[in-house]
Amino acid sequence: MSISLSSLIFLPIWISTAQIQQGGPDEKEKTTALKDLLSRINLDELMRKDEPPLDFPDTLEGFEYAFNEKGQLRHIKTGEPFVFNYREDLHRWNQKRYEALGEIITKYVYELLEKECHLQKVSIPVDATESEPKSFIFMSEDALTNPQKLMVLIHGSGVVRAGQWARRLIINEDLDSGTQIPFIKRAVDEGYGVIVLNPNENYIEVEKPKMRKQSSADGTDEPAEKRERKDRVSKETKKRRDFYEKYRNPQKEKEMMQLFIRENGSPEEHAVYVWDHFIAQSAAESVFFVAHSYGGLAFVELMIQREADVKSKVTAVALTDSVHNVWHQEAGKTIREWMRENCCNWVSSSEPLDTSVESMLPDCPRVSAVYNYIICTSKNKTTHLGLIPETSDGRAGTDRHELTSWKSFPSIFKFFAEASQAKSSSQKPTLTRRSHRIKHEELVKRLRKT
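Reading the sequence shown from the start, the letters are residues -18 to -1, 1 to 432 in mature numbering (1 follows the signal peptide of the UniProt record, and there is no 0).
One thing to keep in mind: the hints can contain errors.
[Stated by the list, open to error] In the DSS-like style, the derived pairs of lysine-lysine whose C-alpha atoms are separated by at most 27 Å in a straight line are:
hint : residue 1 : residue 2
1    : Lys78     : Lys190
2    : Lys78     : Lys59
3    : Lys405    : Lys167
Calculated from the structure, these hints are not laboratory results.
Sequences and hints are given; from them, build the entire structure.
Right under this line is the structure:
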């Protein structure tokens, strides 16, 4: 007869419970604590007591990983991609290791923004005191002075920070697909000023101060009997908590508290703040937004709060799998009309790139972000098959949410160029199903000719 691992772990506790149930009042107290433990704890938490210390390297070299010439993260010795399950049956430890690597990746991307993209790190709030929590954004040198064009990049929610689309893509795919760097470099090459928002940097974490036990100045404030009862309950509670804590938190992780950044305590607040203090003050005649996922929601919220200003300054908005909802966000009719004329949402889809995708929301055109460009390689020949709707080949496009920005990269810049040209001739770009189909068919023909 087989016995599960969980049974082996819980067996001593069950035996102890059976034994002490036959004892006196003190033993019954232990029984209560054991029952409380069994009702509140799960196997994963019990296993924590056997996991290695949560002590990880603070550099890529320490993890023995590096980015190769293709921007792929590879092990220095083996050349293999990142392995999540470094230790079997220790999911929590592996997750903590992954998060530690993720923090290093964030700092690495910050360095690339400054060194490779030549952006400047600007602290916010702009009038912050020395002691208050601060965040930052990145800007090109000409972001506020470029008289023609300014591009603003907004990532989605979660652990990503300025310069990233998806941490998972950076670690498991490459820097091009997971970061905003290709957008920034091309924008600079095409004469845009650039501002990179940092909407998830909303607070700093500090260790939570230990609570000091407070006692009343005058012991006569309450009856002695009541004080004795409270002390007894307090001692019992502490016993139970300590008994449980032994299993719940064997690593003794620090308790942290959050100190929010003034006027930047949420992605929505951050977008409005950067608009008021930077984008609205810029000299650019035309402003262009690229907003992914929750970044699209933040942009719509910005429109709701600064509608007239946004309409006068923004020429076009490229959304990538945006999670905004004009109904839930209560966007007015004039905003929805403006979005229909000036926005386009590239969504995850199995359809060819730029194919119109139906939507129940009356806000802006939605088109496919999938770039199904197939390259078949044999020993002696490489064949470019062009765009096809669907394929099982691993090199095909994908309908993964986090990839939509990278897959729509060429189309977004084309969309901005057309919008800029239309503005200069006092016309608005029209995004219709027919126009997208024609563009797609023309692109297929050109690719097949090559």
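Now for the hints, and whether the structure bears them out:
1. Lys78 x Lys190: holds, 20 Å
2. Lys78 x Lys59: holds, 23 Å
3. Lys405 x Lys167: Distance of about 24 Å is within 27 Å: holds.
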